[in-house]
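From first to last, the protein sequence lines are chains A and B.
The opening position of the first sequence corresponds to residue 11 in our numbering, with each subsequent residue numbered one higher.
The opening position of the second sequence corresponds to residue 959 in our numbering, with each subsequent residue numbered one higher.
Please keep in mind that the hints were generated in silico from the structure rather than gathered at the bench.
Treat the hints with caution; some may be incorrect.
[Stated by the list, open to error] Taking lysine-lysine pairs in the DSS-like style, the calculated list, with each CA pair at most 30 Å apart, reads:
hint	chain 1	residue 1	chain 2	residue 2
1	B	K1021	A	K140
2	B	K1248	A	K248
3	A	K241	B	K1118
4	A	K193	B	K1058
5	A	K245	A	K225
6	A	K248	B	K1118
7	A	K245	B	K1118
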Amino acid sequence: MTRIGKAFENQKAFIAFITCGDPDLETTAACVRAAVAGGADLIELGIPFSDPTAEGPVIQGANLRALTGGVTTDQIFDLVRNLRQDVEVPMVFMTYANVVFSYGAERFLSTCQEIGMDGIILPDLPFEEKEEFLPLCHTYGLDLISLVAPTSENRIAMIAREAEGFLYIVSSLGVTGTRSEIKTDLASIVEVVRQNTDIPCAIGFGISTPEQAAKMAGIADGAIVGSAIVKLIEKYGKEAPAYVGEYVKSMKESIT
Amino acid sequence: MTNQNGRFGVHGGQYIPETLMNAVIELEEAYNYYKDDTQFNQELTDLFNDYAGRPSRLYFARKMSEDLGGAKIYLKREDLNHTGSHKINNVLGQALLAQKMGKTRLIAETGAGQHGVATATAAALMGMECVVFMGEEDTVRQALNVYRMRLLGAEVVPVKTGTGTLKDAVSEAMREWTSRIADTHYCLGSVMGPHPFPTIVRDFQAVISREIKTQLMEKEGRLPDAVIACVGGGSNAMGSFYHFIEDEGVRLIGCEAAGRGIDTFETAATISTGRLGIFHGMKSYFCQDKYGQIAPVYSISAGLDYPGIGPEHAYLHDIGRAEYVPVTDEEAVEAFEYLSRTEGIIPAIESAHAIAYATKIAPVMEKEQIIVITISGRGDKDCAAIARYRGEDIHD
């Protein structure tokens, strides 16, 4: 079991997503620490990309603010080195294939191992293309996190069988962003997942309230929240860490 | 030339969110079924001929040939197609395919507006709903085309994200497709994006080179020495090249938009200034910085203002089968004026990039040699912008 498995040991996991460098890396570091103190079991660190095609307006905005601020992949690696002095929860990067490819996949993934990352999520790398990075992920002890979507249907079993770390279940059609209602029959998806793998699964996209988190964690092994946290960071800027900590605490309590 | 999973050498592939995978698989299965279906092909041919006005003319540009004093120049007149550009070829094919698949709604990206207009046209013809995503900057540059799309019953959504140009329109169309798949076909406008789009669009545009070959054989009894077309994503170029790829004596030349020059940041010349990357569903060459952030490219031509190039072009470049050359704004504007003055044909500013390069090489070629230039679209839409470029303010 990799370190990611520990996030799901004996409890429902709360997974927090934060875009690195929004509004600056000091705030990102403080937000990560606040989220961990608030009970986050796993942290997804977003490396901003100029054209995040899977993101809704909220995370697009965070990407733009971070890049406009001049944040780079190398600076984000340094951020992780700093965080790993005291942050022990598993952490994964969430970014786009070109960020990894362009840096040099081996250079990128070996650095991930060196600085203590546990895995990577690439929303534009579907099952059919995962060989692009999978062998190198294994060489460097990283889990390449797979996603299933409401449209995956006959693909769920195939994806689940080869999934590692945890399986990311996309709750709804469309891009990331908060939603008032999630209509997908997630229980059926989770059922197929469980028939095909023992690794934990967590639901993301559209979750913002404690009620939604509780419902999702009831269906799966955890809940992933991105846009709602990014919105707090957008609203409070450098003052955001306290609000993020408080929010994560309320969400974690709702699923415990 | 496609192998499994839509690869052209190392290029191509399907780098898209899982949410879209079943949609592209469904599209590929439908396309593989219908591409060899007699009735489908008959319907498409009827649409091409009776609705779009094909075959398009292959016109011997006598004055231009004499003026340049070298090779004989033929113009493939895609500008004479219904809606004014080559875009209608691909759109009629995809709209018919979408209809067979039971889709009732078309979405599309557009840069110059030519693909948007063509998609809105096909949607009107086939009774389908249509939404076109267009960069906000382009809605200003190409206001006339925005009106045409609305007149045809389409909704035009100005895209404000990123640079507000073609790449952002593609991103937004992809986002829209992930949110509504069941009734919606994404009518992608170029030989780019995830497999099977580069292959489908190429096949529908290949009518251009098929006709050139037949027409030139009738007029000259031989193959051309060079085929020249402009390249953004590269659909008119791919269509112009395709049936000549096996004829190794035919030079295939793609003209990229160099903007203010390939030594500046204000350029969209992907082969000249880009490097290998993964974006918009495909592996290919992209203009990007050292961290893989996609560059905010620039060209006077909204239709070539794209930071990437279709994967099959990237492959033809790798194997040396096609040449890709940069042409600046200034050279394109001069060619725009030159063809208007010399042949009485106002070309799209996109196509003017191809004309510009032809004016460089024709004079040094032999008189018995033949160049075919694809005039991918007509230039009415560009007149206001070119006037502005020349310091003259006219109303659209």
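Pair hint K1248 of chain B and K248 of chain A, alpha-carbon separation not exceeding 30 Å:
holds (28 Å)
For a C-alpha distance cap of 30 Å, please report whether K241 of chain A and K1118 of chain B respect it.
Judged against 30 Å, a Cα distance of about 20 Å means the pair holds.
For the pair supplied as a hint, K193 of chain A and K1058 of chain B, is the alpha-carbon distance within the 30 Å limit?
Holds, at about 29 Å.
Straight-line alpha-carbon gap K245 of chain A to K1118 of chain B, limit 30 Å
Holds: K245 of chain A and K1118 of chain B sit about 21 Å apart, inside 30 Å.
Starting from K1021 of chain B, check that the Cα of K140 of chain A is at most 30 Å away, please.
Violated. K1021 of chain B to K140 of chain A sits at ~55 Å, over the 30 Å cutoff.
Quick one, are K245 of chain A and K225 of chain A close enough, alpha carbons at most 30 Å?
holds (27 Å)
Does K248 of chain A pair with K1118 of chain B here, judged by a C-alpha cut-off of 30 Å?
Measuring from Cα to Cα gives roughly 26 Å; hence the hint holds.
Violated hints amount to a single one, hint 1; each of the other numbered hints is respected by the structure.
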